[in-house]
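Engineer: Residues per chain are reported as follows:
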Amino acid sequence: MRIDLEPRRVRSRVLEIAAPVGALLVSILLGGVVIALLGKSPVEAFQVYFVDPLLESWSLQELAVKACPLVLIAVGLSFCFRANLWNIGAEGQFIIGGLAGACLGIATHDGAMQETFGGWWILPAMLLLGVIGGAAYGLIPAILRAWLGASEILTSLMLVYVAELGLDYLVRGPLRDPHGFNFPQSVTFDDVARLPFLMEGERLHAGVLIALAVVAIAAFVFARSLFGFEIRLVGEAPRAARFAGFSEKRLTLVAFAISGGLAGLAGICEVAGQIGQLQPAISGGYGFTAIIVAFLGRLRPLGILIAGLVLALTYIGGETAQVAMKLPQDMTRAYQGILLMCVLGADAVTRYRIHLRIGG
Amino acid sequence: MSADMLELVLMTVVTAATPLIIAAIGELVAERSGVLNLGVEGMMIVGASVGFAAAFSSGSTLIGALAGIAAGVVLSSLFALLAIGLAINQVASGLSLTILGVGLSGLMGAPFVGQKREAASRLAIPYLSDIPYVGRLVFGEDMFVYAAIALVAACWWFLNRTRAGLTLRAIGDNHHSAHALGLPVRRVRVLSTLFGGACAGLAGAYLSLAYTPFWSPGMTAGRGWIALALVVFASWKPWRVVLGALLFGGATVLQLHAQAASIGVPGQLLSATPYLATIVALMILSIGARRNAAAPAALGQPFVATR
Amino acid sequence: MNDDGATGTEQTTGKAPLVSVRGIVKRFGDFVANDHVDLDIYAHEAHALIGENGAGKSTLVKMLYGLLEPSEGTISIDGEPVLLANPDAARSRGIGMVFQHFSLFDNLTVAENIALALPKSRDLSDLREQVLGFSRRYGLTLEPDREVWTLSAGERQRIEIARCLLQDPRLVVLDEPTSVLTPREVETLFVTLDKLKAEGRALLYISHKLDEVKRLCERATILRRGKVVGVCDPRAESARSLAALMVGASIAEIKPNGNRAPGPERFIVDRLSIVSPDPHGVDLEDISFSVRGGEILGVAGVAGNGQSEFFDALSGETPADRADAIRIDGASVGVDGVDARRARGAAFTPEERNGHAAAPDFSLSDNAVLSLHALGDVARRGLIQFDRARLAAARVIERFDVRAAGPQAAARDLSGGNLQKFVVGREILRDPKVLVVNQPTWGVDALASAAIRQALVDLAGSGAAVIVISQDLDELFEICDRIAVIHEGRLSKPRAARDITREDIGMLMAGATAGSADSHAH
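Chains A, B and C are the protein sequences, given in the same order.
Following the working numbering, the residues of the first sequence are numbered contiguously, the last one being 360.
Following the working numbering, the residues of the second sequence are numbered contiguously, the last one being 307.
Following the working numbering, the residues of the third sequence are numbered contiguously, the last one being 522.
Just so you know, the hints here were simulated from the structure itself, not pulled from any lab data.
Any given hint might turn out to be false.
What the hints assert, rightly or not - Partial chain C-side listing against chain A, Cβ under 7 Å, derived:
| # | residue |
| --- | --- |
| 1 | G334 |
| 2 | V338 |
| 3 | D339 |
| 4 | G355 |
| 5 | H356 |
| 6 | D361 |
| 7 | L370 |
| 8 | A374 |
| 9 | G382 |
| 10 | I384 |
Don't be surprised by glycine CBs; every beta carbon is placed ideally from N, CA and C.
Just chain A, with the same shape it has in the complex (with noise of 0.2 Å):
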């Protein structure tokens, strides 16, 4: 078999929003074969993962606070993907982005500090220093590229697993709750230091509304500014930005930065949203989940909102699924998989003419 492209002259626009229409349905159809394969019934899979968490209020509030950090991460690597610069290490950045925000909503457990200087203060700082604690950790690896050249795609990676394991060590360490009767981890953090629900008694965080200013303010930074220029070209035509004025050097690490900020600023909502306190596994895959976001949502921030909702669909539920039909909840990964890969080769249709020859 032999897979001929032609690129298309012109791109439809029809097209650029069918594809990964498309390419949701025919993940759907392929992860269907495979439950079938695992001897459970897709049809019923279907209604578990893709109906019924639309059906009740509990889980569409869970479907926005699950999305929340997903959209925030993913937000941040279109700034990275659009640039052509590959942070596969969104997980680490959320990791310590939570541990940062963590640390003073733990220092202010005992009230002494509130006491003196009141509580008002503390869930921004918290914020901050999430945003903070990622984009430092994000920059990391960009500077290791600016400056040596090293992949950013292995070394941005490699802090995911460094970050686990600092995060791992703290919560059974130094940050352990002392009454805790020795369970991994922290304090639970008092109210001040914790993201107000939106509805008395109900699951939807302010969360939600930061990751929704932070998808107007990327939509209006592309479309207007310079900066959002810069990117799409340094993404384009390197030789251009350079030739245009722009910095690579620049543009790495203010895009990484961003990224991990903004992952750190999802890991800090996390945790101070709905967990509320330091685990040892504060993020369930968010990091790599953000990637699938990123690129079903076309890099764009609305499609990115939208992908979000759909993401955080398969992760609910996968939950129920593994509760109701037994199926694990590596599934849902797969799943994820294969959706990835089905956006991806979305793309292709949208960027070539592809003429298929058997036996060419």
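Please build the complex by placing chains B and C on the supplied structure of chain A, with the hints as guidance.
Structural biologist: For chains B and C alone, kept in the frame of chain A given last:
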């Protein structure tokens, strides 16, 4: 430390290095043809789970190893379809393969969690294997170790001494020139990608058949990524892969011994040393050398035949 | 002049053509690159295929070499129709090819490069001896163990030729073979080509340099917009009549800009040395010159002698380490980047249109932002003013007669000539005090070339200092006041264009020092 003890430690270094050698040499061949496949980790872990499943069900280590290889080939063919057939960005394609592989390995390995089997047997040659201090190190390893060394030698010979190897290197240097000469750019790249997949699958199978003779989810623990770094570290030269893998194997074993000896440094931080060592190795390599001068010039660039 | 291919064929009666092309059509989607082309090539004969860029020469040649499949028509060798499915098939039928853009592998050795083009059955054990023997036979020196990236353009072309000849081809196709050679290397090449003809081989010589065609070829087929518009004996034609046939219209002469009194020194380069950031690049060594307002300085040289590094150094894409190494109107800008130099009134047009001067997938309006944002014309406080960018692009389109669907058209949808007019026009419309332009008309059709050259002359006439880096000596003699030559990263002393001969320049291009070139001239 006694000499016998040292021999034992060195043997563990060799076993720790072997999967890295196998995975890295496969990726090296793929990269010399211009293909950057970041799916090594995914192919490796599927190789580990499928390899264990097959060996456990059949009772044969060989069948397990072959199953691991087959799994790697199948997964890499998906990558080849995306990155070579459809000319999609190789970084993204490779990532998707790793994500898929991690999920699939969990699905396929689930029934075998907690099962154990005998580790792959080690070579025992009368007299030779009994030579003091070096006998077991040289003549008492498992078959994978010898296969790994043979693989490196074969790849070196293929790349540097055969016409097909020359063609492969030419395609990795400049696919436009290669196409203009009528060299089969995409066919060679597909084949080298499949070879890389086979090696990654075998490396994974080694982990679950010989290194630790059981399957546990996530057991590759980033070794696929370290193998990718090793290729850079080796400047795309086969024998340097062996050297690099032994260094990394040494670091891994050293940190395990340090943990066992409880020297007062937290275990998690010791566990992080292989990853930190990888970063440091990439840094050292980049300092001094002009930027990536050793890398195949067309590495990672998608190829579309033009007019 | 015969406007009909059949009549041309009868001139060589009694012989059957070696290669015969009949009714070849090649379509790419809606675009017809070759439209019923007929072509006959005979042994012992050099046949020229001439036409403008985009006339369909390369497409035709690629079909002859098995790289493209014809949509219609037949190719016959010795009167027998053949199917050339791939270059291997073409080579085994005796068709060899010397490429325009070399199909070489930089990081492989000369011998390895040659081995790759030989048939698989060929025993490679004595390849080195074969290469050396070949070198002696044709007088083309080759070192089998050198890596290609260390070689000059002329040396690289020898590999291409060796690669082709080692297969003992009956037809040798040469695609623009002299575009990267010094005049002396061209002479050496022609001696080799004469030898090949005498051995009974046929040559298909693709060029738009008409004097070369007249020197080498017995017959010429002229292509325009994919069609054969004439077959003739180029020796019996004037360069002018051939050009008219090629272009299909007469080309305006460049109008010199009256008497230009040289103005003050606007652009001064003083002992500039830069180590190339590219490991395979050329280092610049101790370059000094100055250009006055109203003056055009030409920089000649064979490709790969540091032209792009020179351009990057002047534009600031690779800054120097001394501020006073480069001065614009008295201000030291050596360590400044490209934007700071633009702010001083300088403008730049790089060689590569697609990907350097312009981003292919961006609209013309966005491409206006590319070089104008630093001047505050199209961006303020970090935000792009899209209406002003559109206006700027529209102005260029109108003033420079750029054929495009409008400011929203993507750069890659423009033809080479139109995009070049856009990127040159974008800089000229800023009224720069200094303009540096690299290969202003490379791969551009004759009408657009003339327009661009006229614009450069007019700009100098308005008082700007203009530096033109070009491989095209005709172009430099047509528009420059002074000419210098770049060779291996060093620049010769600029001399008045009317005092310097082509021979002088040829010597300098080949690496002679200024002194010896002088003595040659006298």
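Engineer: Look at each hint and say if it fits the structure.
Structural biologist: Now for the hints, and whether the structure bears them out:
1. G334: violated, 16 Å
2. V338: holds, 5 Å
3. D339: holds, 3 Å
4. G355: holds, 5 Å
5. H356: Where the cut-off is 7 Å and the nearest Cβ of chain A is about 4 Å from H356/C, the hint holds.
6. D361: Because about 6 Å separates D361/C from the closest Cβ in chain A, which is inside the 7 Å limit, the hint holds.
7. L370: holds, 5 Å
8. A374: Holds, because the Cβ-Cβ distance from A374/C to chain A comes to roughly 5 Å (cut-off 7 Å).
9. G382: holds, 5 Å
10. I384: This interface hint holds because 6 Å falls under the 7 Å limit.
Hint 1 from the list above is the single one not met by this structure.
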